[in-house]
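J.: Here is how the chains run, residue by residue.
There are 2 protein chains.
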Amino acid sequence: MKAEIICTGTELLLGQIVNSNAQLFSRALAESGIDLYKITTVGDNKKRIEEAISTAGESVDLIILNGGLGPTEDDQTREALVSVLGLGEEIHHPTLEKIREYGKSRGLPYLKNNDKVADVPKGAVVFANQVGSAPGSAVEADGRIYILTPGPPHELEPLLTQEIMPWLRHRFQLKDRIMSRVMKVAGIGESTAEERVRDLIASSNPTLAPTVKRGEIHFRITAKSAEEAEAVRLLDEMEAAFRERLGTHVFGKDQETLEQVVGQMLLDRGLSIACAESCTGGLLTSSLTDVPGSSNYMQFSAITYSDEWKESFLGVPWDILMKRGAVSAETVQAMASGIREKTGADIGVAISGIAGPDGGSLEKPVGLVYIGIDYKGELQVKKLLLSGDRLRNKAMSVKRALSFIYEVLVSAEA
Amino acid sequence: MKAEIICTGTELLLGQIVNSNAQLFSRALAESGIDLYKITTVGDNKKRIEEAISTAGESVDLIILNGGLGPTEDDQTREALVSVLGLGEEIHHPTLEKIREYGKSRGLPYLKNNDKVADVPKGAVVFANQVGSAPGSAVEADGRIYILTPGPPHELEPLLTQEIMPWLRHRFQLKDRIMSRVMKVAGIGESTAEERVRDLIASSNPTLAPTVKRGEIHFRITAKSAEEAEAVRLLDEMEAAFRERLGTHVFGKDQETLEQVVGQMLLDRGLSIACAESCTGGLLTSSLTDVPGSSNYMQFSAITYSDEWKESFLGVPWDILMKRGAVSAETVQAMASGIREKTGADIGVAISGIAGPDGGSLEKPVGLVYIGIDYKGELQVKKLLLSGDRLRNKAMSVKRALSFIYEVLVSAEA
Chain A
2 MKAEIICTGT ELLLGQIVNS NAQLFSRALA ESGIDLYKIT TVGDNKKRIE EAISTAGESV
62 DLIILNGGLG PTEDDQTREA LVSVLGLGEE IHHPTLEKIR EYGKSRGLPY LKNNDKVADV
122 PKGAVVFANQ VGSAPGSAVE ADGRIYILTP GPPHELEPLL TQEIMPWLRH RFQLKDRIMS
182 RVMKVAGIGE STAEERVRDL IASSNPTLAP TVKRGEIHFR ITAKSAEEAE AVRLLDEMEA
242 AFRERLGTHV FGKDQETLEQ VVGQMLLDRG LSIACAESCT GGLLTSSLTD VPGSSNYMQF
302 SAITYSDEWK ESFLGVPWDI LMKRGAVSAE TVQAMASGIR EKTGADIGVA ISGIAGPDGG
362 SLEKPVGLVY IGIDYKGELQ VKKLLLSGDR LRNKAMSVKR ALSFIYEVLV SAEA
Chain B
2 MKAEIICTGT ELLLGQIVNS NAQLFSRALA ESGIDLYKIT TVGDNKKRIE EAISTAGESV
62 DLIILNGGLG PTEDDQTREA LVSVLGLGEE IHHPTLEKIR EYGKSRGLPY LKNNDKVADV
122 PKGAVVFANQ VGSAPGSAVE ADGRIYILTP GPPHELEPLL TQEIMPWLRH RFQLKDRIMS
182 RVMKVAGIGE STAEERVRDL IASSNPTLAP TVKRGEIHFR ITAKSAEEAE AVRLLDEMEA
242 AFRERLGTHV FGKDQETLEQ VVGQMLLDRG LSIACAESCT GGLLTSSLTD VPGSSNYMQF
302 SAITYSDEWK ESFLGVPWDI LMKRGAVSAE TVQAMASGIR EKTGADIGVA ISGIAGPDGG
362 SLEKPVGLVY IGIDYKGELQ VKKLLLSGDR LRNKAMSVKR ALSFIYEVLV SAEA
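In order, the protein sequence lines correspond to chains A and B.
The first sequence begins at 2 in the working numbering and counts up by one.
The second sequence begins at 2 in the working numbering and counts up by one.
A hint or two may mislead.
Since the list gives no way to pick one copy over another, a pair counts as held whenever it fits inside one copy or between any two copies.
Stated by the list, open to error - Here are the simulated lysine-lysine pairs, BS3-like style, with alpha carbons at most 30 Å apart: (1) K324 with K343; (2) K47 with K113; (3) K176 with K48; (4) K3 with K48; (5) K105 with K324; (6) K383 with K3; (7) K365 with K254; (8) K400 with K3; (9) K105 with K176; (10) K343 with K377; (11) K3 with K47; (12) K47 with K99; (13) K113 with K99; (14) K176 with K99; (15) K113 with K123; (16) K384 with K113; (17) K47 with K365; (18) K324 with K123; (19) K343 with K105; (20) K377 with K176; (21) K3 with K105; (22) K384 with K48; (23) K123 with K225; (24) K324 with K365; (25) K117 with K324.
Read the hints as simulated data drawn from the structure, not as lab findings.
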């Protein structure tokens, strides 16, 4: 089974965006054992899209086209495909209704151009787009399968993994499975974690490879087998060995996030949490409430950006703020206790730091962040020295705070 | 001047890495006015690299090959190129010496394979690699220029910008510059905005093209001219026409964000702001505080996730919460006024909605969000019907809230 991908989008040829969709496709095809021969990127130009389709390798069984399914004049990918294949088009009525309904419910004026998004090649299998408007579609012609897919990554990702790949696997009776599992680690340094699993990293099937992703430490296990059950067995074995080495540092796997795992622990133990944030400006509470059902353990949090509010609302002594400063171990301790007392929550979490680019000094540089946790009256503090820009320092502080909460919950259980 | 790029690397076809080099090349070529026609990505396979070279468009003047210049068996890009062109190879002695010196200084065993990195096509112009070992090189054949470039991004970037692009601009006497500018719009629907500038979109130089990026509406102006001053003039002219059509809906351009623009307006007018967030869980305040210096207008915000806190802290009447519900125009109005009174801020902003996936009903579906603003005692409310998942609904609510704040500030000025 051999495939090619044709990405369309002038913004890709101008370097305005990086082609993350190409990676998404590549990975999905690799995991299903489909050999990807070539990725071609052309602009929003019907003639060049047609050329790219026509010059695909002769032995290729599957051509995936990405982008150019929208309502504007620029969007010409479907038009190019049906023109090369000599196919007609038809309206996909559920999509048309959805588009019109959407416009109506929002009181938008009717624009005829929008209707064209509902057109698909005649006789195509249609993959409904749950997130956006343009559906995916597949047609067979000249002994090949052609698949049209929408360009926006957040629309493509669910469509590809939930609709198109399962359809392809079934259609081609694909058996060789490459399966992978991501193990997620917290509360331990990257190199220490790697040291502990060094011998496992040497394994060839399944493989184990460390990756650092947005401040989290991940390890990817990849297994290959003709039998799905065998691949799963290989993954399970490696996961067990991995967990043996890293114990409770393994907080989750695959799609599980630290905020979900922390949320589930809070839920299971009937604990409530409240945050007092300064430099992260609400981002920690936002992460905690990214989890559905978080209202069970989160009722209130405060962003106390100014010293005055740290004193008046959280009861941080003015003396500490003046002598130790807002960014200090003493202040986050007082903030954590303050928010816990104010709300009656079981756990109070506080963050104060210098996110940058201004506000740093020799003694307290940009990137200095303190996190305090008051767990039922027991206080703990962590000090971070981060090296990113303002947004990255905020994001990293939140990751480290979540990891800290996880550690506290794990040790409270023990 | 027309170009194609051929990227080689099996890791790209397996989705192990994203092709950031393609973006680097695309941007560099665009800025020098070289039209990029196509990007082709193939694996580390001599035959397929040869095919990619052979099937390049006839009218193409420049073909850049990336990757596959290393010492291993997999690295075959130079071999493929000289084979297609029927060229010989020669040793680039400075590179050979550097490689051998490097090995010796580190006490590494001599490996004959490493020497091949110093080979270049016969008669090539060589671009020394200051960071790694494999040099870049350019040859002319069949009336075209072929350029070989190393794969590692940190080697490619300086080689491209400091050596190859200046050489290309000189070699082709390139004068044409392509410059672009992004105009950012808020407080107006995408299709309405497009309607108003439809005739401008028809222009060919400069061009105007709409793009939607993370819930914001952007329009990119691109101008091409032999003279940089002329390109700037074309951009300025189009910007003026664009602003005439969309007025204060144009909130900024290029790197400017809505939170920066709103922040600057608050700063300029000496106004303060405070938020009371429910479904966005702190993300609005986090966005507002992404701006350096935001402590000048933001002192405190609250995440009132539960009804109890909406009542006790913000003073939302229990009656409203029970009869209208937490997600209602009445509640966000009371929340906005409540946070404003509590903090003494000039502007109170409140968000309450159903982010999903649970909590929706026929009457109040997932994606229903109310935003309330109390501007010095004047209340305004917006109702949204979003269609994303939980995280996207949160992010979109924040974008819309920022846009709403911007609108209120604009009309308060008028």
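J.: Of the hints given before, which are not true for this structure?
T.: Violated hints (numbers, rising): 6, 7, 8, 9, 14, 17, 18, 19, 20, 21, 22, 23, 25; every other hint is consistent with the structure.
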